[in-house]
Amino acid sequence: MADRIIIDADGMPYRELNVRIREAVAAGTQVIDLHGVRGQRFIGNAVEGDVSINILGVPGQDLGAFMRGPHIRVQGNAQDGVGNTMDGGHIVIDGMAGDVLGYAMRDGSILVRGDVGYRVGIHMKSYLDRVPVIVVGGKAGDFLGEYMAGGVIVLLGMDTGKPEAPVAGRSLGTGMHGGVIYIRGEVPEHLLGPGLALSPLDEEDGAALARHVQAYADAFGKDAAEILGASFVKVHPRSHRPYGNMYVGTN
Amino acid sequence: MKAPKDFWKFDKDIAGCGVFGVIDRKRNLIPGTMPIDAMCTMHDRGNGLGGGFAAYGIYPDRADDYAFHIMGDDAAALERAETYLAGLFDVHHAEPIPTRDVLTVKNPPLVRRYFLAPKAVRPQWQHMGESDYVVGAVMHVNTRIPGAFVFSSGKNMGTFKGVGYPEDIADFFRLDEYRAYMWTAHNRFPTNTPGWWGGAHPFTLLDWAIVHNGEISSYGINRRYLCEHDYECTLMTDTEVVAYLLDLMVRKHGLSKRMASWVFAPPFWDEVDRMPEEQRKAFTALRAVYGAALLNGPFAILVTDSRGMMGLNDRVKLRPLVVAEKDTMTFMSSEESSIREVCRDLDRVWAPKAGEPVIVELEA
Numbered sequence: 001m002a003d004r005i006i007i008d009a010d011g012m013p014y015r016e017l018n019v020r021i022r023e024a025v026a027a028g029t030q031v032i033d034l035h036g037v038r039g040q041r042f043i044g045n046a047v048e049g050d051v052s053i054n055i056l057g058v059p060g061q062d063l064g065a066f067m068r069g070p071h072i073r074v075q076g077n078a079q080d081g082v083g084n085t086m087d088g089g090h091i092v093i094d095g096m097a098g099d100v101l102g103y104a105m106r107d108g109s110i111l112v113r114g115d116v117g118y119r120v121g122i123h124m125k126s127y128l129d130r131v132p133v134i135v136v137g138g139k140a141g142d143f144l145g146e147y148m149a150g151g152v153i154v155l156l157g158m159d160t161g162k163p164e165a166p167v168a169g170r171s172l173g174t175g176m177h178g179g180v181i182y183i184r185g186e187v188p189e190h191l192l193g194p195g196l197a198l199s200p201l202d203e204e205d206g207a208a209l210a211r212h213v214q215a216y217a218d219a220f221g222k223d224a225a226e227i228l229g230a231s232f233v234k235v236h237p238r239s240h241r242p243y244g245n246m247y248v249g250t251n
Numbered sequence: 001m002k003a004p005k006d007f008w009k010f011d012k013d014i015a016g017c018g019v020f021g022v023i024d025r026k027r028n029l030i031p032g033t034m035p036i037d038a039m040c041t042m043h044d045r046g047n048g049l050g051g052g053f054a055a056y057g058i059y060p061d062r063a064d065d066y067a068f069h070i071m072g073d074d075a076a077a078l079e080r081a082e083t084y085l086a087g088l089f090d091v092h093h094a095e096p097i098p099t100r101d102v103l104t105v106k107n108p109p110l111v112r113r114y115f116l117a118p119k120a121v122r123p124q125w126q127h128m129g130e131s132d133y134v135v136g137a138v139m140h141v142n143t144r145i146p147g148a149f150v151f152s153s154g155k156n157m158g159t160f161k162g163v164g165y166p167e168d169i170a171d172f173f174r175l176d177e178y179r180a181y182m183w184t185a186h187n188r189f190p191t192n193t194p195g196w197w198g199g200a201h202p203f204t205l206l207d208w209a210i211v212h213n214g215e216i217s218s219y220g221i222n223r224r225y226l227c228e229h230d231y232e233c234t235l236m237t238d239t240e241v242v243a244y245l246l247d248l249m250v251r252k253h254g255l256s257k258r259m260a261s262w263v264f265a266p267p268f269w270d271e272v273d274r275m276p277e278e279q280r281k282a283f284t285a286l287r288a289v290y291g292a293a294l295l296n297g298p299f300a301i302l303v304t305d306s307r308g309m310m311g312l313n314d315r316v317k318l319r320p321l322v323v324a325e326k327d328t329m330t331f332m333s334s335e336e337s338s339i340r341e342v343c344r345d346l347d348r349v350w351a352p353k354a355g356e357p358v359i360v361e362l363e364a
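Same order as they appear, the protein sequences are chains V and D. full-length UniProt numbering applies: residue 1 is where the first sequence begins, and numbers increase by one. full-length UniProt numbering applies: residue 1 is where the second sequence begins, and numbers increase by one.
Think of the hints as simulated: they come from the structure by calculation, not from any bench.
In silico BS3-like pairs for lysine-lysine, Cα to Cα no more than 27 Å straight-line:
| hint | chain 1 | residue 1 | chain 2 | residue 2 |
| --- | --- | --- | --- | --- |
| 1 | D | 257 | V | 162 |
| 2 | D | 257 | D | 353 |
| 3 | D | 155 | D | 26 |
| 4 | V | 162 | V | 234 |
| 5 | D | 353 | V | 234 |
| 6 | D | 326 | D | 26 |
| 7 | V | 162 | D | 326 |
| 8 | D | 252 | D | 155 |
| 9 | D | 252 | D | 119 |
| 10 | D | 353 | D | 326 |
| 11 | D | 281 | D | 353 |
| 12 | D | 353 | V | 162 |
Computed beta-carbon distance windows for the label pairs:
| hint | chain 1 | residue 1 | chain 2 | residue 2 | range |
| --- | --- | --- | --- | --- | --- |
| 13 | D | 177 | V | 224 | 53 to 59 Å |
| 14 | D | 27 | V | 206 | 52 to 58 Å |
| 15 | D | 268 | V | 68 | 38 to 44 Å |
| 16 | V | 206 | D | 273 | 33 to 39 Å |
| 17 | D | 143 | V | 8 | 49 to 55 Å |
| 18 | D | 345 | V | 210 | 35 to 41 Å |
| 19 | V | 15 | D | 177 | 28 to 34 Å |
| 20 | V | 129 | D | 9 | 34 to 40 Å |
| 21 | V | 23 | D | 274 | 55 to 61 Å |
| 22 | D | 271 | V | 3 | 52 to 58 Å |
| 23 | V | 225 | D | 27 | 50 to 56 Å |
| 24 | D | 346 | V | 231 | 31 to 37 Å |
Quick reminder that beta carbons are idealized off the backbone N, C-alpha and C, glycines included.
Given only the sequences and the hints, what does the whole structure look like? Please build it.
Here's what the structure looks like:
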């Protein structure tokens, strides 16, 4: 099997495309180029290993769901459900992305050059050294980081098609009880969900942020120093386990 | 619920309705193949229990007549409808809607179209405006003539819908042979109500046509409110209320589409509280007067009439909607891939904010 193959996905049903991808991965292919992708769902779902998948076009719903390891790069926009319950690997979207990106993500990273939709990074979680990361270069819709239990979201608000909109939507981080959201620039207080605080970054935050911004800058040929030149705030829960007593008293 | 025994080969039906619309602001004609190809890309969003299209500018030679599309269970049902309508209207022309036999479209109803003008001397409803007269006739057929339904009643436009995937319904109605300056299309995945011919989208009244992805939890309240204003819901699908609410608010009460969208998807009360006083009063009044027309539940809708197209999401965006522009054309769709299918190179693509309509008006 070749180290690199090209699959012309133009008009190909999603099942056939995903069978082809799985066969290529099973045969040890290192790089898979998908051309003419338009709406095929489930690309890279539950694929393991460090294969690279380059996508030309607009992939369909649930890109990279459950996957553990692959590097996916999309030259174009992505639709809804990118990285659903993703377990590892990297997704880079050179464009904008839709709703529910990174839902219940457990590890790996998703970098989006531009804007994202609603409910991004909801239910993200982390465990020990498994810390999922989402970096968004543009702006986000409502419910960013809702019910977040762990991981990192970085929102830059720079590469955006919505210059007049606030950097994030309403109900920002509602129900959040772990993890952190770093946001570049001002965040109107009324957008925050209940029980959350906006704080300046400490040294540890600064180091983490610099690392994630560098990854974003490298992926899209941007200047990390320029991005980091502005002020950032972090969104975090005010207390440890704020919902611990919501249903059953534990202390 | 336990997983089925043969779960390992169980294919879950992962669908969720799909909508697509395209409008050319300068009224250049777009072939039916464009919305058909776009819907093919979103084939998997439906399950074959409903597909439909609305097309504007397809009857230029009879542009002054009301084009009634009627489906009948049998010839007798159509005849009952025809006899009734002939009493109210001059029938300028009547013919079967041209169809093809399509293997996957099973047991279609009989479909006919009538080009009608209200009689100069009306037998009833003399006090009504002409549009209300037409609405009265549509309501009468749909509620009181067994086995017959009017599924399109506008001027120089028509809807085509039925049980099947959209591409099959398009094939059945030979939509590849039509050209229109504005199209909407729908792929159905019925959730709460039966997949039957009248219940497919678009839903129409006069020149209104609505396609919808989502479900309208406030259907009961909306329906009772409409009933007070002589609109009767008969098609067993929640989306029907959107067509009638728009007719009531925009045509009869004179609200703009922007105002109607604030009724459908109002700002949250905490947002209203932060508004300047005049604005706060206006939004409070709008909610007080039209509370029963609020659409609760998830929706992405495309609304069309003779003036243009509007796309609107519910206020927390529980359904997808993407808008794109290319020269004089604007596209609105559940998925960007369907737009790219029919137009690879776009000037601009964006996802509108929840509750904020995208309104495109036709020029001249």
